[in-house]
Amino acid sequence: MTAARDLHLTTAERARVDHVDLLVASDPVPIGELLAVLDDPSWSVRRAGVSALASLGDDGVAELCRWLGEVRTTEHGIAAAIDALVTSRGATTNAAVIALCGHPQTPVIEDAARILGRRGASEAVTTLGALLAHPSDNVALAAIEALGAIGGAGTVEDLVVLIRTRNFFRTFPAMQVAARTGDPRVIGALAELLDDELYRPEAIRALGHTGSALAVAPLTALVEREAGATVGVVAEALTELVSQAARSGASSQVVSTVHAMLAPLRDRFVVALATARDRVPLLNVLGMIGDAGTLAVLAGSPEPAAVRAIEVLARRDEDALLIALASADPALRLAGLPLASSARVAPAVRAALADDEPEIRARACEALARIGDVTAVDALFAMLDDPSPRVGHAATAAIGALGVAGTAARVIAVLRSGSTRVRRHALRLVAYLGSDGLFDAVVGALGDPDPRIAELAVAALVSLGDPRVDATLATAASSASETVRAAAVRAAGQRRLESIVTRGLDDDSARVRYCACQALGQLGDARHSAALVARLADAAPQVRIAAIEAIARLDTPETWQILVSVAHSQNPDEQRAALIGIAGHDQPVATDILLAAARAPELATRLFALSGLVRSRDPRALVALGAALHDDHEAVRDAALSLLDERDDRETSELLLATAAITPDPAAPIHAAVSRARPIRIATIAERLATADAVEARALAAALGRMADPRATAALFGALAAPSAAARREAALTLVAIGAPGAIAAATDLARRDPDPDVRHACAAAVKL
Amino acid sequence: MAGLELTPQLFAIFASMIEDVCGVYYRASDRSLLETKLSIQAVEAGFASLLDYYYKLRYDDPDGADRRALVQAILVHETYLFRELPALEQLVNGYLTELIRERGRVRVWSAACSTGEEPTTLAMLLDRRGLLDRAEIVATDISAAALAKAAAGIFGRRALRDGHPRELAARYLDVTPRGIIASPAIRAAIRFEPANLTDPASVANLGIFDAIVCRNVLIYFRDEQIARVLDLLHDRLAARGVIVVGVSESLMRFGTGIVCEERGGSFFYRSKR
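The listed protein sequences derive, respectively, from chains A and B.
Position 517 (the first sequence) corresponds to 517 in this note's numbering; numbering is contiguous.
Position 15 (the second sequence) corresponds to 15 in this note's numbering; numbering is contiguous.
Extracted from the complex, chain A is given alone in its bound form:
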């Protein structure tokens, strides 16, 4: 650390920084001398002082607070003291700074409020709430911002009072902070400001930030009486509203409300679109409220947002989908096809099989399978000759999925096609259908002049139950073509024809030996371990790797030693093959190797290692996976998250919750992972929710809401009787937001009977009592 720091320091600065290091190393630490460093003219030296004071924890807190309250020599010294208290790890720091909020000097209170906000000190919410009414606007503003940084709805009613004061300096920030609590009590106050030109634009945006379906009504009323630019601002707010509602899994309820209330006003949004500078929000709204008539407007819009809007619209309105499918714009046809799922749109989908765009033809094949359009089978067989492999494979899959009677007979017919493409796809269908009556046709294909056809024919034999298959495979294993021999050896492995497989190990072709190693791995018989070990000296690297993979399936002391040895190979592919095998052994040595590999320079090796660690019960594995959530490489973070998501245990749930708590972006994948419905995850969240404070309760209740799972909904209902008032409030608000059956009655009951007034008021606002 010192070396990196030195790069930017003058000689004199370096000497003073070194002095700070010496002071920190002293016993006892001379805190007074460290505090003097806060006034150093050099930012670098002050930073060293800030770090040193923060690292003292509780030992430095009292002196820092005294300095901030009484000394306050220079502006940069004050800034440094604030930074030190913000980063202090002392257990008493929050309490000491809360005490500073009672200081007689307003600048000190202001600084204290800012520190508490930056520390995210949820225990300061009551104190900060009291500061909202402070006579100094600066103090009130600092308190509002701190409450915004801390989050939660602990002081909503105080913020609502501030909004209603229409005090220029307090109302704007209060609107922003109050709206982000998502508490329904703020909506009425924000709606009142829609009549005031000064506050209207910000009030509209704030309504969007609430993420509450209750915000749609005042915005609708505004669109009814206003036109022009206001409609664009409302569209921005509605877009944000849906996005925020997704936090608690309530976006579909909000979209439904937007559609129900604003659909009659869609023309206003169409008009606004013509002159808007930012068209995206308007397109988003038109997707939610448009009808088939709106599609022409959207289709003429070049932005990707228009295509997304059409997708939203077409998902809801089949007339619109039909228009999209018949559109001259290929982007609309592409967007529409994945939405096609009913017999009514099947003719339009069949027409798309003749499209110029291969991707459209492929999606049409997929859609026909989804629709179950058995009348399309002839057309799909015709698509097997499509020049695009993507289309041919989609048609093959669709024919297989539709599985109509007579498919096998058609396959036999097309196996005689003059088109190589068609014959290849036909053999893939054979492998899929596995009908014994196809044996003769498949054997006929073994003599096809196209080498891939012969190879596919061998592969297709595996799926047939005909007694002649094994003998045919034995013949194929002696073919002059290496691809046919390789296919035969692979097929022999699947049918456990040991002699064919072992002969393949000595084939001249590396490809055949590779397949033979793989096939022996499938057999999983320790008697073959010597033969496989011999292949570790094969000249072809891929054969050595296949041998390692096969050895990994043989659980013997000898093969374990080989894996351990290969885990240190210089060839990353060999190393990774060994890691896969090692991952199957839940023992400390295996974990050691995987932990070391999790720090390998090759990204793929790290990913293999992490993947192996996910099954380990060793606590170090969880720590490594947790660290990988913060890796510099996005692929590692994503992989770690998806691997952790596979584990449903209390420790993993706690780790995911802790990571989510320090990840403010609601769109970050960690929040999606936290809200994946898993029994233990639900139980862990529910348990923590029961005693959560306002900030945590909102996040936990939202996570349960996003799960859209009956067990999670039950946990939310359970939280209505939790000891924590914040938990009861957030559970009730979330249940209402996601439209859970019985939620209104439960919230109404809380609005009348809950012992906590805050819970009663929030619930009353949610059910509009």
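It should be emphasised that the hints constitute simulated quantities derived from the structure, not laboratory data.
A virtual CB, placed ideally from N, CA and C, is assigned to each residue, including glycine.
Treat the hints with care, since some could be wrong.
[Said to hold, decoys possible] Coverage of chain A stretches by chain B, computed from C-beta distances (three or more under 8 angstroms per stretch; other residues unrestricted): (1) 380-393; (2) 507-515; (3) 538-547; (4) 606-615; (5) 635-641.
[What the hints assert, rightly or not] Here are the simulated EDC-like cross-link-like pairs (lysine to aspartate or glutamate), alpha carbons at most 20 angstroms apart as the crow flies: (6) A:768 <-> A:157; (7) A:768 <-> A:758; (8) B:56 <-> A:507; (9) B:149 <-> A:359; (10) B:56 <-> B:20; (11) B:56 <-> A:574.
Dock chain B against chain A, hints included.
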């Protein structure tokens, strides 16, 4: 039926291999897209798993032909005529017109031209000003298949989008059932060559250019790769030459030997030499 699984681990392996071959970097969010593309290539090549396919490409492809074929098959060729037209108009009507007046001839390189829509647009713009016979347009791409399409001068219907200049289209393009066909003079004015922007040897014989148009290509590269490609382009640039990149691309963060200048709302990069 072609759907083979691309695990995050395999994704990392393939992404690294593809970047080595052509510089294009697939991000984690592109995994599903790459899975679809790779699956088809792997199945068509006779492999039942993507790991088998990877070993084939890694250890049984001595001259790299299979890797190149894969890259050519999966690269994005999505482009269209008159794309981001103002920058090209500014290049032709301002910079190149001045230079031709001064020197008589110019050389222009359309780098990573895909199926040829960009150099075709450039040729049309130059011809409209009567300057086409004073310009040498060299268009390159890594994909032989894309270049073959480009050389044919026949574009799909999507090559012409809403808002295109109808006067230019009517003058130079023939919309037929086979597709949109550029006029013979426009096609003849463009020389298509294979070139890999991440391989200096493959562009060494192209010569020096007064303008290099390399648009919507660098967005697919990582910063380290962009810096290398910029060095390569810089080496091919005449003393007062300019590089034109896409509207969403900025080169300012690379601190290479180029400076940015704004011309009529478009940004060009000029050598500091």
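Hint-by-hint comparison with the structure:
no. : hint            : in the structure
1   : 380-393         : holds (count 3)
2   : 507-515         : holds (count 3)
3   : 538-547         : holds (count 5)
4   : 606-615         : holds (count 3)
5   : 635-641         : holds (count 3)
6   : A:768 <-> A:157 : holds, 16 angstroms
7   : A:768 <-> A:758 : holds, 15 angstroms
8   : B:56 <-> A:507  : holds, 17 angstroms
9   : B:149 <-> A:359 : holds, 18 angstroms
10  : B:56 <-> B:20   : holds, 16 angstroms
11  : B:56 <-> A:574  : holds, 14 angstroms
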